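Asks: Sequence:
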Amino acid sequence: MSAAPKAMSEGIRKSAIERIIEYKEGALGGKSISEWMKSDEFAEYDGAIWYILSLGREYELSEFGEKLSERLKNAEINGAVTRLKYALALTAAGKKDDAFVKSAADEEIGEQGIMSWVFGLHLLNNGVTSAKYSAEDIVDELAGRVLSDGGWALSGNKSDVDVTAMVLQALAVYREDEKAAAVIDGAVEFLSESQMASGGYSSYGQENCESAAQTVIALASLGIDASEDERFIKNGTDAMSVVLEYQKEDGSFSHTKGTAPNEMSASQALCALVALEIMDEGGSLYIFEEKEGGLPESSASEETEGDAFPNYKLWVFVGIGAAAAAVTFVLFVTKRGNAKNCIFVLIVSAALAVGNYCVDIKSTEDYYSYESLGSEAVGSITLTIRCDAAVGKTSLTSGAEDGVILPKQEVEIARGDTVYDVLIRAAKREKIAVNASGGYISEIGHLREFAAGELSGWVYRVNGEKASVGSDSLILGDGDVVEWLYSCDAGKDLEKEYGKGQWED
62 MSAAPKAMSE
72 GIRKSAIERI
82 IEYKEGALGG
92 KSISEWMKSD
102 EFAEYDGAIW
112 YILSLGREYE
122 LSEFGEKLSE
132 RLKNAEINGA
142 VTRLKYALAL
152 TAAGKKDDAF
162 VKSAADEEIG
172 EQGIMSWVFG
182 LHLLNNGVTS
192 AKYSAEDIVD
202 ELAGRVLSDG
212 GWALSGNKSD
222 VDVTAMVLQA
232 LAVYREDEKA
242 AAVIDGAVEF
252 LSESQMASGG
262 YSSYGQENCE
272 SAAQTVIALA
282 SLGIDASEDE
292 RFIKNGTDAM
302 SVVLEYQKED
312 GSFSHTKGTA
322 PNEMSASQAL
332 CALVALEIMD
342 EGGSLYIFEE
352 KEGGLPESSA
362 SEETEGDAFP
372 NYKLWVFVGI
382 GAAAAAVTFV
392 LFVTKRGNAK
402 NCIFVLIVSA
412 ALAVGNYCVD
422 IKSTEDYYSY
432 ESLGSEAVGS
442 ITLTIRCDAA
452 VGKTSLTSGA
462 EDGVILPKQE
472 VEIARGDTVY
482 DVLIRAAKRE
492 KIAVNASGGY
502 ISEIGHLREF
512 AAGELSGWVY
522 RVNGEKASVG
532 SDSLILGDGD
542 VVEWLYSCDA
552 GKDLEKEYGK
562 GQWED
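Start counting the sequence shown at 62; every next residue gets the next number (our numbering).
Because the hints were derived from the structure by calculation, they are not lab data.
Computed from a predicted structure; not experimentally measured.
Positions of the beta carbon are idealized from the N, C-alpha and C atoms, including for glycine.
Among the hints, a few may not be true.
List of simulated lysine-lysine pairs, DSBU-like, C-alpha gap at most 35 Å [to be verified]: (1) Lys219 - Lys469; (2) Lys157 - Lys128; (3) Lys157 - Lys75; (4) Lys454 - Lys75; (5) Lys128 - Lys309; (6) Lys553 - Lys99; (7) Lys454 - Lys489; (8) Lys454 - Lys163; (9) Lys163 - Lys553; (10) Lys193 - Lys454; (11) Lys469 - Lys553; (12) Lys309 - Lys134; (13) Lys128 - Lys156; (14) Lys219 - Lys240; (15) Lys295 - Lys99; (16) Lys240 - Lys156; (17) Lys492 - Lys134; (18) Lys163 - Lys240; (19) Lys128 - Lys492; (20) Lys99 - Lys193.
Listed next, with one range per pair, are the computed distances between beta-carbon atoms [said to hold, decoys possible]: (21) Asp290 - Asn218: 27 to 33 Å; (22) Glu83 - Arg236: 31 to 37 Å; (23) Ile404 - Lys193: 56 to 62 Å; (24) Arg236 - Asn139: 33 to 39 Å; (25) Met257 - Glu471: 29 to 35 Å; (26) Glu239 - Arg292: 20 to 26 Å; (27) Arg476 - Asn524: 16 to 22 Å; (28) Ile138 - Glu83: 31 to 37 Å; (29) Gly440 - Asp341: 42 to 48 Å; (30) Gly453 - Gly297: 34 to 40 Å; (31) Gly525 - Glu79: 38 to 44 Å; (32) Ala243 - Asn218: 34 to 40 Å.
Based on the sequences and whatever the hints tell you, model everything.
Replies: Following this line, the structure appears as C-alpha cells:
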C-alpha cells in the first residue's frame with residue numbers, strides 16, 4: 062500500500078480522537094481533559110482506566126495517582142478484576158510500588174476467572190511482581206485455557222470476540238515466544254474468521270462498537286494495523302473504519318449504530334484509535350513508559366463553574382446567613398455583642414455552610430423516584446431477579462426465601478437503553494436497593510457479591526444467553542427477556558441448574 066493512503070488514515074484517526082476529546086470536554090461543562098484527570102471526580106470515576114490507557118502518555122498523571130492511592134486506602138473495593146484494574150491504573154500513574162498494587166498482584170490474580178489472569182498479566186508486564194505467580198505462569202494458564210476454535214471465553218466452549226481480543230492484548234508481549242506464538246496465531250485466525258461481512262464484529266448476536274474496538278487494540282498490540290491487513294478487510298471495509306462508523310457528528314460514539322451516545326463505546330473507541338497511534342511509534346497500549354511533562358492545557362476554559370447548586374442548598378445558605386445576622390443583632394441589642402461571641406457565631410455559621418456544601422440530602426422518595434417513559438418508550442422487556450443459589454447460604458437472602466427478589470414483570474425501555482438502565486429503572490420503581498460500579502453490579506436487594514463465598518456475585522443473561530460484557534454495554538430491544546441471577550461459584554452452579562453453555566431453562 063502506498064504512503065499516501067496511510068497518511069490519510071492517520072489524519073482521520075487524529076481527527077476522530079480530537080472530536081472525542083472535544084465531546085468529552087463539552088460533557089464536562091467546558092472543563093479540560095487535563096484538569097479532569099487531576100480532579101477528585103476522575104479518581105472516583107469507574108471508567109478512568111480507559112482514559113488512563115488512551116491518554117495517559119499525553120497528560121500528567123501524578124496528581125491522579127496520589128488521589129487514587131488515598132482513595133483506595135479507605136475504600137472497600139470488591140472483586141478481583143476491579144481491584145486489578147485499579148492496580149493497573151496506579152501503575153500507569155507511576156505508582157507501581159503502591160501497597161494497593163502489591164496487594165492486588167499478590168492476592169487477586171486468577172481469583173475471578175479469565176479476566177483476573179488477563180489484568181494480572183498486564184500488571185506483571187509492567188514490572189509489578191506477584192508473590193504467587195510469574196508472568197510465565199500466567200502465560201501458561203492462558204495458553205491452557207484456549208478453546209478448540211482458537212479463542213477464549215468467560216465460560217462455555219465457544220469463544221467470544223471481546224474476551225479473545227483482551228487475552229491477546231496481554232499475551233502480545235510474548236509473541237516471539239514459541240509456545241505463546243502458536244496460541245496467538247490461532248487467536249488471530251479466530252478473530253479474522255469471526256469478522257462479519259460488514260467488516261465489524263458481533264457479540265451476543267449484535268454487531269457493536271466495542272467488539273470491533275477491542276479487536277483493533279489486540280491487533281495493534283501485535284503490530285498489526287487492522288486498517289491495512291487483508292485478513293481484517295471484508296468486502297472492502299476494515300475493522301478500524303467500522304469503529305469510526307459508530308461516531309456521531311458531535312464526536313460521541315454509540316454501542317450500536319443509530320442509538321444514543323454510550324460512554325463505554327466512546328472510551329474504548331478512543332483506546333483503539335490511540336492504540337494504532339502508539340503502534341506506529343513502536344509501542345503498545347498496555348505497556349506504560351516513563352514520560353516527561355504533559356500536553357499543553359486544552360483550549361477549553363478551566364474556570365468554567367460546575368453544575369449549579371440544588372435549589373435547597375441555596376436556600377440553606379440564605380437561611381444560615383439570615384440566622385447569623387439575627388443572632389448577631391440580638392447580641393448587640395442585649396449588649397453581649399463582644400468580639401468573642403461574634404467570632405463564635407461566625408465559626409458556627411461557617412461550619413454549617415461547609416456542611417451544606419458537602420452534604421447531598423435525598424429523601425427515600427427522591428432516591429427511589431420513578432417516572433414512566435411516556436412517549437419515549439419504544440417497547441418493553443421482561444425482567445426478573447433471582448437468588449436461588451444463595452438461599453440458605455447467607456442471611457442476606459432474608460425476605461427472598463423463595464429465591465425471588467423481583468418476579469417476572471415488564472419494564473419500559475427507551476431507544477438505546479442498556480441492561481443496566483433497565484435494572485436501575487425497575488429497582489427505583491420497586492424500591493430495590495442496587496449498588497453499581499459502572500456496568501458492574503455488586504449488590505441487588507441488599508444481597509452483595511462475596512456474601513455467599515469468594516466466587517459469589519451477580520450475573521445476567523439476555524434471552525437465555527449469558528453475558529460477557531458489562532451491563533451498561535448491551536443494548537436491549539422490545540421483547541427481550543433479562544434475568545439477573547446470583548451465582549455462588551462464578552457461574553458454575555448456574556450451569557448445573559440451567560444447563561451448560563447458555564444456562565438454558
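Asks: Are the hints correct? Go through all of them and say.
Replies: Evaluated hints:
About 29 Å separates the Cα atoms of Lys219 and Lys469, which keeps this hinted pair within 35 Å; it holds. A C-alpha spacing of about 14 Å is found between Lys157 and Lys128, which places the hinted pair at or below 35 Å, so the restraint holds. Taking the CA atoms of Lys157 and Lys75, the gap is about 30 Å. The hint holds against a cut of 35 Å. Of the supplied pair hints, the one linking Lys454 and Lys75 is violated, its CA atoms being roughly 53 Å apart against a limit of 35 Å.
For the proposed pair Lys128 and Lys309, the alpha carbon gap of about 33 Å is at most 35 Å, so the pair holds. Taken as a hint, the Lys553 and Lys99 pair is broken in the structure, with Cα atoms around 41 Å apart against an allowance of 35 Å. Distance hint between Lys454 and Lys489 is fulfilled; the C-alpha atoms sit about 27 Å from each other, no more than 35 Å. At most 35 Å may separate the alpha-carbon atoms for a hinted pair to count; Lys454 and Lys163 meet this at roughly 32 Å.
For the given pair, Lys163 sits about 29 Å from Lys553 by alpha-carbon distance, which is consistent with the 35 Å threshold. Taken as a hint, the Lys193 and Lys454 pair is honoured in the structure, with Cα atoms around 30 Å apart against an allowance of 35 Å. Annotation: proposed proximity of Lys469 to Lys553 holds, straight-line Cα distance about 23 Å (limit 35 Å). Between Lys309 and Lys134, the direct Cα distance comes to roughly 39 Å. Violation of the 35 Å bound is thereby established for this hinted pair.
As the CA atoms of Lys128 and Lys156 are separated by approximately 11 Å, the hinted pair is consistent with the 35 Å bound. Using a Cα cut-off of 35 Å, the hinted pair Lys219 and Lys240 holds, with the two alpha carbons roughly 22 Å apart. Restraint check for Lys295 and Lys99: not satisfied, since their Cα atoms lie roughly 42 Å apart, outside the 35 Å limit. As the CA atoms of Lys240 and Lys156 are separated by approximately 32 Å, the hinted pair is consistent with the 35 Å bound.
Restraint check for Lys492 and Lys134: satisfied, since their Cα atoms lie roughly 32 Å apart, inside the 35 Å limit. The straight-line distance between the Cα atoms of Lys163 and Lys240 is roughly 28 Å, inside the 35 Å bound, and the hint therefore holds. Between Lys128 and Lys492 the alpha-carbon distance is near 34 Å, which keeps this suggested pair within the 35 Å criterion. Between Lys99 and Lys193 the alpha-carbon distance is near 34 Å, which keeps this suggested pair within the 35 Å criterion.
A hinted range of 27 to 33 Å holds for the C-beta pair Asp290 and Asn218, which are about 28 Å apart. The hint said 31 to 37 Å for the Cβ distance between Glu83 and Arg236, and at roughly 36 Å that hint holds. The hinted window of 56 to 62 Å between Ile404 and Lys193 holds, with their beta carbons roughly 58 Å apart. Checked against the given bound of 33 to 39 Å, the beta carbons of Arg236 and Asn139, roughly 34 Å apart, stay inside it.
The hinted window of 29 to 35 Å between Met257 and Glu471 holds, with their beta carbons roughly 32 Å apart. Separation of Glu239 from Arg292 is about 22 Å and conforms to the stated range, judged on CB atoms against 20 to 26 Å. Between Arg476 and Asn524 the Cβ separation comes to about 19 Å, which falls inside the hinted range of 16 to 22 Å. For Ile138 paired with Glu83, a C-beta distance near 32 Å keeps the hint of 31 to 37 Å intact.
Taking 42 to 48 Å as the suggested C-beta distance range, the pair Gly440 and Asp341 conforms, at roughly 44 Å. At roughly 58 Å, the beta-carbon separation of Gly453 and Gly297 lies outside the given 34 to 40 Å, and the hint is violated. Here the CB-CB span from Gly525 to Glu79 is close to 42 Å, well matched to the stated 38 to 44 Å. Remark: the range hint 34 to 40 Å for Ala243 to Asn218 is contradicted by a beta-carbon distance near 20 Å.
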